[in-house]
Structures are given as structure tokens and as C-alpha cells.
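Chains A and B are the protein sequences, given in the same order.
1319 is the number that this note's numbering gives the last residue of the first sequence; the numbers go up by one with no jumps.
1259 is the number that this note's numbering gives the last residue of the second sequence; the numbers go up by one with no jumps.
Rather than coming from a laboratory, the hints here were simulated on the basis of the structure.
Treat the hints with care, since some could be wrong.
Derived list of chain B stretches under chain A, where covered just means 3 residues or more per stretch with a C-beta under 8 Å from a C-beta of chain A [unchecked claim]:
(1) 972-983
(2) 1043-1055
(3) 1197-1209
Quick caveat, the model's predicted, so the values are computed rather than measured.
Each residue gets a CB set at the ideal place from its N, CA and C atoms; glycine is no exception.
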Amino acid sequence: MNTQLLIQLLVNGLVVGTLYGVVAMSFVLIYKATQVVNFAQGELLLVGAWVCWWLLTKYQVPFYLGMPITLVFMFLFGIAIQIVILRPMIGEPIISVIMVTIALSTVFSALMKWMFGVNLQPFPRIFQTQNVNILGLQVQTVYLMSLAVSVAMMVGMAWFFRLSKYGLAMRATAFNQQVAQSLGISVKSVFAMAWAISATVSAVAGVVVAVVNGVSAGLSAYGVKVFPAAILGGLDSVGGAVLGGIIIGLLENVAHFLDSEYLHWGNLYEIAPFYALIIILMIKPYGLFGTKDIERV
Amino acid sequence: MAGQTLIPAGDFRTSYAADTTAFPTTTSRNAMIAGIALVCFAPYVVNEYILSLLIQIGIFGIAALGLNIVVGFTGQISIGHAAFFGFGAFTSAYLSNRFGIPVFFCIPLAGVVTAAVGLVFGLPAARLKGLYLAIATLAAQYILLDFFARAEWFTGGSVPASAEPFSIFGYMLRGDKQYFYVVLAYVIVCYLLVTNLIRSRDGRALVAVRDHYLSAEIMGINLTKYRTLSFGLAAFFAGVGGALYAHYNQVVSNEGFGIDRSIIFLAMIIIGGLGSIMGTLMGTAFMVLLPESMEWLSVALRDSPIDQFLGLKNNIAFLREMAIGVIIIVFLVFEPDGLAHRWRQIKAYWKLYPFSH
């Protein structure tokens, strides 16, 4: 057994898993606040990463300036999507809403391919040193950065929901829209806010992935991996989404380890989350922390 | 009564049988028969290119009809339809290559095998509904695609599998002109089957599950059974469509059964009209002709300022993808009942012309 490889893969899994967790968190945020299943989450990552890349390479904006501009853009972008496309869909059957987000993902991914091409573009270097030695293990600086940013996002999100006024308003809306409205909360602005925050958080994750791996259309795959993570954690649990993301990230890399060491099936890590997804749906459809929706006839 | 006038000036449905007929008037039935007879002459009138488009409309129309059973009539969501379509294509090619079964029997057999696979992936429907089910079908899409890439004995792996041309009683059908009639026959049979299914007890149960599943269960409809059944039926038609597709191209590669194809299938039924049988065919025609018409447009606009600005020649693929997405959104926002609804309104307008109210 190759312990070195296993540890390396577990570290990878943790890093990728926290990123999945962040994306799943922003996915769950939209679902909780607006009851919309967002199939375009991966495209939000993609748009954020491309915008940042574009600012940094085309206009030579320094990173500390380019990043805030990207985030402001994504904030407005999220609000725009909600107002222009999702708001007319309120009250429509669930299939229509799902189809709209699927269509949005098609439009955005095609638009990004049209504007920036299909090739992988390397991100400008941000860090000087490549590797850091931690306990005899060579860890890339970007991985540490990725982990730190993800944890910071999660802490920020926890603070937002527990202590800030907007976060409380959002939780109240998620709990019961009518009661929230009667308490003077503008449900409309909460909906727009949910999309704005989700788009911004996704953009951060997108930029982090872009810094590590470069930008390409493949980034939107993160949007698909969100489903196993969010379902495992429970579709309406923010904390569950984070945990689900980490578990899926670790699962992928353990599958990769088993595959390369013993099974030799090839590409097992790509498909393992989906088998996990089906199994979870079969035995525990509401996930680890999701609200059980029990109906008896 | 109804037989004497072109269109009756009201809804005269005095019996239950009259309420559930496939064709509301004799005229509409005759019009349908005349329409089919007219289409039979198509191979002698239109050129090769348009004929190939007609065949595609027929093939995709059958698969989209299956999707409309599960989405439009039963109200469940399936995002993995293209994978079943692909499974049907591979199954039919495999059956005819490996066991030497005549292609004539392979196509319905492929439908049956795909239906079995569809039932397996429909099993989560026993406990899930709505978006959980949608996510399960998304997983089915990826798992089946992975299976196509992995199972070399079945699909040939990276080498495309070859499919035999269609033959009937030892007589080989070669070329689009003859294959057109095969597709036409399948389209007529499938559409008649589904029309009659919806008129039957089981069809009404499916619609009841869609409209209010709690009431349906109170009325004694077994939700699990009908949800799973609808997935099986959808997979059956996807399999038949896929098999027809395989023997039309005579080669089945791993390409073209991805999630983007699933989205196109969904677009077909949304544009045509959810829960409308003839609408499915309209939506399919729309979605087949949309990329082609963009192609014509780009040819017509060559070297014009618009072309130079958009770079049409290199980017037509992306523009097509975007057009598909935009069309879906536009229809969902402005015309959620699809082309079938628009068609009914046009008919109603002319029925009352010139007194439109």
C-alpha cells in the first residue's frame, strides 16, 4: 500500500472537497431562500473566473483590484438574473423553474465559449513560492490558499446567517415567507440578495479553482458535483452542504486511490460521486441534515 | 351531427365515449389520414437534405414523445433522456451484430431492453418526487454515459459500433428514401399507441398523478407503480427512437448522447407543449429546424457586417447552443403551453372568423 500517495490524495480530497462545500453552500442558499434548484451554479463559477481572468490579462489590473471588481460584477449579475429571469417564474410549476436554470446554464456556457474560446487559459501567477513543506509533505501554496479561502467563506457565511440583519431576514424568509413579509421583510429583495450572494461566493470559488488549474469550460463541472454534495448533506442544510462537499471530495480521491492501486478500471473518481448520489437517494433521500418531508395518505 | 359540418359550432359531447375519442370530429380524422397520405409522397418530391431532416424529426419525435409521457403526462422530471436514447441505439446495434437478430425485430427489442433499464433508474421514484427525482435522472445520465465508455463488449468503446441497415424479410432497405417509410411507420404506430394510452385507464392514472398526487393516491392509484411505469414507458420510446437512429446512421459512436442532447429533448417538449401529443412533433420539428435555419442564416449573411461582427463562421456552434437556451427561456416565460396551445388559438380564431369574440 502506497501511504505517501494516499496521504497526498487525502489532502487533495480535502482541498477539493472544501471547494465543493463552498459551491454546494451557495447552491443550498438559493434553494433555501427561493426554492429554486439552480442547475446553473457551475456556470456562475465559470463566469466569475472568466471575468477575473479577463480583467487580469486584458487590462493588466492587479489582483487586489481585479478581484473586488469581479465580486461586485458578480453581485450585480446575480441580482440581474433573479430579476430578469427568475422573478417571472415565481409560482410556476417546479419543472418550469428547473428548465429555466438548465437553459441559463446552456446560454452562459455557450456565451463563455464564444467570448473566450474553448482552450484552457492559465491564470496569472499570484504567489511567488510554489511549494511549502508541512510535516514532510510537499503542499502547493495554491492549495493552502484554496483551503484558507474556502474556510474563510464558510466562516463568513456562518457569521452572515447567525449575526447579520440580512442573514436573519433570509432565514426568516426561508422559514415562512408570509410571516417574514408580515414582519416587514421585503421578500423580493431577499430573493435577489440570495442570488447575488450565491453568485459572489461561487465566483470566489471559481477564481480559486482558476488560480489552481487555469480557466476553461470544464470549470462548470463543479456545478454538477454540487448535487451529490448537497443531496448527501440534505438539500436545505447549509452546514450539511459543506460536510457533503468535503465527503464527496474525499470520496473522489479515495476512489482514485483504489482505482490506481488495485482496481485499474480507469476514471473511477469521475463517476463515483454519481453512484454515491443514487445510493443516498435510495436509502436516505433527505440526506444527513435535511428536513424530512413526510406525507402520509 | 359532427359528421355533417366541417367544425361543429360547439362542444357536443353527450357520452363518455365521445369525450375520449382520439379525434374530436370526423373531419379532423380525415385531415390526419390525408396528411399522412401526403407525407408518403415526400421522398419523391423533396430533395435528399430535406428528407434527412424529416427522418430526424421522426426519430427524435419518437424519443421526445417518450419524454413527454414522463414529464408532460406524469409530471416527473427526467434530465437523462439522451442516455436512454443512446442505450437503445447501442442495444439494437449489439443485438443485430452479436446475435444476428434481424433489424426488424431488433428495434422493438431495443425498446424493451431500454425500458427495463429505465425501470431500474425509475425505481428511486418509489420514494422520491419532484427535484429529487430530477437529480436521480441526472445521475442516471452520467452513469449510463460512463457505462458506454467502459463497456467495450457492448459499445465498442472508443471505436464506434456499426449497425446493420434495416432489412425486412431478407430485403435490404438502402438509402434515405426507403428508410423514410420505416421511420414514418414507427412514428404513426408510436403516436397512435400513446394517444390511446392516454385515453385508457392507465393514461388517466398518469395524468391524475401529475395533477394532484395526493388525491390520486386517495383514489387508489398506486403512485410508485405509475411513476416507475412512466419512466419505463419513456425509456421504451427513447430506446425505439435510438434504435432507429442507429440503423439510420449505421454507426453508433459515443458522441451525441450527453446532457446537451437531454436538454434538447426537454426543449422539444416544452416548445411543443407539455402533455400534448401532436405538440411533441411540432416541438421536435422546431428544434430540428432551429440549428439548420441558423446555418442557412449564417450562409445568407456571409461577409456582411453582422457576420464580421459576430464571427458567424467559427462561432456558429456556440451561437446554436445559446439559441437553444434562449428559446427555452423565451417559451417558458411567454408561452408556457407551447406551440400546441398557439395552434389551438389559431384554429379557434379561424373557426369564428370574422367574429372573433
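Next on the checklist: Check the structure against each numbered hint from earlier and tell me which ones fail, lowest number first.
Outcome noted: Number 3 - this is the single hint that the structure violates.
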